[in-house]
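**Q** For reference, the chains in residue letters:
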Amino acid sequence: MDFSFSEEQNLLRNSLSRYLADHYSYEDWRKFTASPEGRDPRHWRQFAELGLLAAPLPEEHGGLGGGAIESMVVMEEFGRALVVEPFVPTVVIGGGLLMNAGGALAEEILPKIAGGETILAFAFAEAQGRYNLADLATTAKKQGGAHILNGQKSVVLGAPWADTLIVTARTGGARREPGGVSVFLVEKGAKGVSTRDYAAMSGLRASDVGFENTPARLIGEEGAALEPLEKVMDHAIAAHLAEANGAIARLMAATTEYAKTRKQFGQPIGKFQVLQHRMVDMYIAQQQALSAGLMANLKLGDTDGSRAVSAAKAAAGKYARAVAESAVQIHGGIGMTGELDVGHYFKRLVLLETLYGSPDHHLRRMARLDQ
Amino acid sequence: MDLSFSPQEEAFRQEVLGFIAEAKPKLPQKLGAPEQARLSKDDYLIWHRLLFKKGWVAPAWPKAFGGADWSVTQRYIFSTEIAKAGMPTTLPFGLGMVGPVIIAFGNDAQKKKFLPRILSGDDWWCQGYSEPGAGSDLASLRCRAVRDGDHYVVTGQKTWTTLAQYADWIFCLVRTDPAAKPQEGISFLLIDMKSPGITVKPIVILDGAPEVNEVFFDSVKVPAENLVGDENKGWTYAKFLLAHERSALASASRSRAALARLKAIAKAEQLDGAPLIRDPDFAHKLAALEADLMALEFTELRILSQEAKGEKVGSESSILKVAGSEIQQRVADLAMEAVGYYALPNDMSLGDNEAVGPDYARGLAGRYFNLRKASIYGGSNEIQRNIIAKAVLGL
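For the protein sequence lines, the chains are Y and P, in the order given.
Start counting the first sequence at 2; every next residue gets the next number (the working numbering).
Start counting the second sequence at 69; every next residue gets the next number (the working numbering).
What the hints contain is simulated information worked out from the structure, not anything from laboratory work.
Here a beta-carbon is modelled for each residue, glycine too, at the ideal position from N, C-alpha and C.
This list has only true hints and no planted wrong ones.
What the simulated footprint calls covered on chain P by chain Y, stretch by stretch (three residues with Cβ under 8 Å from a Cβ of chain Y suffice, anywhere in the stretch; the number is not a length):
hint, stretch
1, 351-357
2, 362-368
3, 385-396
Based on the provided sequences and hints, a complete structural model is requested.
**A** This is how it looks when you write it as structure tokens:
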């Protein structure tokens, strides 16, 4: 029983947090998220140089041989600094699906991920499908040696920055049936890809993406992608839980600091018991969210791993919302402005609450996994 | 990062499981379902004495005083496994409260006189802290002890004294210097419950059981040798004891066991012809509760691993008291809900093993009402929040 990080993991955290402190200030963040591109591409190259894009990937594909804990460390620091760069879609989801599939495609793409030469976005959501990964209207058909994709994907986070999309589509079976789900790699510049780009909460960018007879390369086995998808989604959720914990830590620190300095009625507002108890409830929620995140990451791959991930996602979503809403409340009017960073962390946490399934969805999944 | 226990710790777990398998047939069945049991003094002592015989009754005490001297991880494994097996806990008043205080602050004569009888179960202890005017504001207590030659004369009242009706001894916070600041005039006194001038009056609480009492002291003579540590230093010992009480790990394992019993009930109960556990609304509430419990289990493990490494865990452990008691209460609430109308009979009007509805429904409403105490005792959850605000958040 040991919750301490290895020396390498601490090194990874320290070098990343130092980099973010020096080069990813909130002032910079406000500038580049408001720019037309919405990000500063230099950071991704620096992340590659710091080794964090390679950290969780296997050594035979240019990685450093780490795993979920390395992703957790990276995402916690990302959350603390409200980073917009698409680590999870590229490294955790893209990397995870390719590692799982193996073969020539893995050999081709994984080293590019590790080296920071490609950015992936994960196109899975559809208007009718809500959180069900198998509820797909997008189809793929084999034509000659390749597949041809048709359909629409909603709110593909990071798609405006990506060169390549990972797309779920049905190659067989009825809508919502577990069998017949496949995953594809699609060049964003390929024929028949149309995008509508827009800004999303907390500095992120997203696209709705259409495919019309678009050529696509199959990842893994045709029609049998749901199981590996669920597995990789568990990893993605666990990583995002760490991101949420980074954001929660920032909100917690900002709020207690503000309560100690902001004076009303002739004293710091942190002296009022009603606010003290509210902040203690934030602290308890923070600690419980931290535990949920650790549980999810440490149980990945266990027989009860998916159930633990869903429990953590459901519980942490509730804790994060409680912390964030209280942070805004205790900051008062200034907490309502976009000038202060608090509101942006709040929005990131609300976005993460919905991403890859709302708390309600995951409670249902928990109950289903029981039966 | 590693969730596994060491081979030595796993071997210890096997030893515990072996002991449980041996002990279980010797215990009355009702000890396994605390929400249904009405326990007599003898019921409590059966388990205590089995553990005593094994040398395991005082897991945290040093070997020199007859304890098991287990590591914090061993203690965690032990409490988790006995909860899982549906075994009862031992009562904390002697083993977990006055015992550690005597070990830390008592003199040799006191250690010799009291510790062996706490271990054997020959002495039953109760806790004389709260008074009618001193609840959360414990330091305002007024029960007076006046030194008169070789003894103290104690006059005053204690209240909410758990199971004082069975007690041979009471450890009391008494005021020895009324002129000093509230915290500085308090002493820690051990009082024989058979002393002339002591009256115990039961208080029936919400579940209908006389679980707590008022204890009255009318010029009770207490030998001065029963003073623990120094006169007027009692507050220090009281705080030491409260910290012990608060940081009791593995309470989540008790809620885990109660949740397992709740799931069994929800499988047996019917709603519209199907098991209640299949009802989406009920399943949703159950899953939400379990998700919170799972997080709490990991919060415990995190604190455990810090303690196991020898790091000092301070008021952070207050969150275990707050979150742990709230979850305990929610499990009891949902269990009461699960049995529908059969929560309504007043079980106290029935015989010990009698039930109006299914056996598993007996006592569930009482348990719900009884456990409202969990957020009140041991420093109310509001007091815990005051502690965290000050000590952890620095407000």
